[in-house]
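My numbering puts the first residue of the sequence shown at 153, with every later residue one more than the last.
Hint data in this document are derived by calculation from the structure and do not stem from the laboratory. Fair warning: there could be bad hints in the mix.
Claimed, not checked - Label-pair ranges, simulated between beta-carbon atoms:
hint, residue 1, residue 2, range
1, L214, P190, 19 to 27 Å
2, E285, T201, 14 to 22 Å
3, S395, G295, 27 to 35 Å
Beta carbons are placed, not taken as given, at the ideal position from N, Cα and C, and that holds for glycine.
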Amino acid sequence: MTSSCDSGDALSLRIGTSGWHYPREREGELSWEGVFYPAERPRGFRDLTYYSRFFNTVEVNLTFYRLPRLSLIHSWIRHTPEDFLFSVKLHQKFTHPTFYEQRTFAEGRVPTPITDEDYSAMRAILDTLAEAEKLGCLLIQYGYDVPPTPEQIERVLALAECFKPHRVAIEIRTRGWHSSPDIMDAFRAANLAWVYVDQYTVRYPKVRDVSPTADFYYLRCHGRNPLWVKPKSGGERYDYFYSWDELLQIGQRLKTVLPRVKTGFVYFNNHARAKAAANAMMFQSLFSRTPAARPSETLCAAYPQLEALDEYRGRAVA
153 MTSSCDSGDA LSLRIGTSGW HYPREREGEL SWEGVFYPAE RPRGFRDLTY YSRFFNTVEV
213 NLTFYRLPRL SLIHSWIRHT PEDFLFSVKL HQKFTHPTFY EQRTFAEGRV PTPITDEDYS
273 AMRAILDTLA EAEKLGCLLI QYGYDVPPTP EQIERVLALA ECFKPHRVAI EIRTRGWHSS
333 PDIMDAFRAA NLAWVYVDQY TVRYPKVRDV SPTADFYYLR CHGRNPLWVK PKSGGERYDY
393 FYSWDELLQI GQRLKTVLPR VKTGFVYFNN HARAKAAANA MMFQSLFSRT PAARPSETLC
453 AAYPQLEALD EYRGRAVA
């Protein structure tokens, strides 16, 4: 189901979560099982198909860690509705070389330099989704160690160009990029979307101007947990639940820029215990006066704020 701004324009607003598969054996108490997904699953149950009953898009995290076979991509295509879109994260080898090397060695393998085959494998995934009309965009996410030097700016722009004509969104967590008018002008000239984020802002550069740099908009909501800076575990930094007031504030800000783009993508990455799913449903209701699929009893029990979906429906576009 495609959400729209109920204001007479043709804007398509896509709202979903960052990832959909958070099993108990990997996530422990932060799992989505028994919260978003039923604890007891019938034969043939598919997480992605169930997820797509509630959301019209998802951000794929898997491709950051490994590139799946195309047979899996085709399975995703078959088991989601026609209007469902996947936004795919670029593999870590391209953006986090140190992390890639450490992880590869830890798995008992030898890291290799980027090759033409790596580019081809990534393009094949994007092309397969695009041919099925199910590609949202490519997310290129950098860390905190990418200074905006002329050489680095050129590398970032060149990397994005390698994956055109697909839509490309770029998230860079280093200060100095977004505050540079010249860099943002270069993004606009190349139709690259600067990824805006909502999260705890001590380390991340604060952004006041949220103007789009492309004909589509990309927003990631990581949560505002103060433990983001020094979490005890990887999942702890994403253990945050947005209140209705916080979501309405984000939504009202988003509303001011959406008329200037063709499509908006919003992904919630506060995935601990399916908080992302609950917050994404709440955010959906702010932008639509049409009731969507109702959340499960288990999700409502975990997050009773969902009982107010109808009360807040359409408030961001009122």
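How the hints compare with the structure:
1. About 22 Å separates the C-beta atoms of L214 and P190, a value consistent with the hinted range of 19 to 27 Å.
2. Checked against the hint of 14 to 22 Å, the pair E285 and T201 passes, with Cβ atoms roughly 18 Å apart.
3. S395 and G295 have their C-beta atoms about 29 Å apart, which keeps the hinted 27 to 35 Å range intact.
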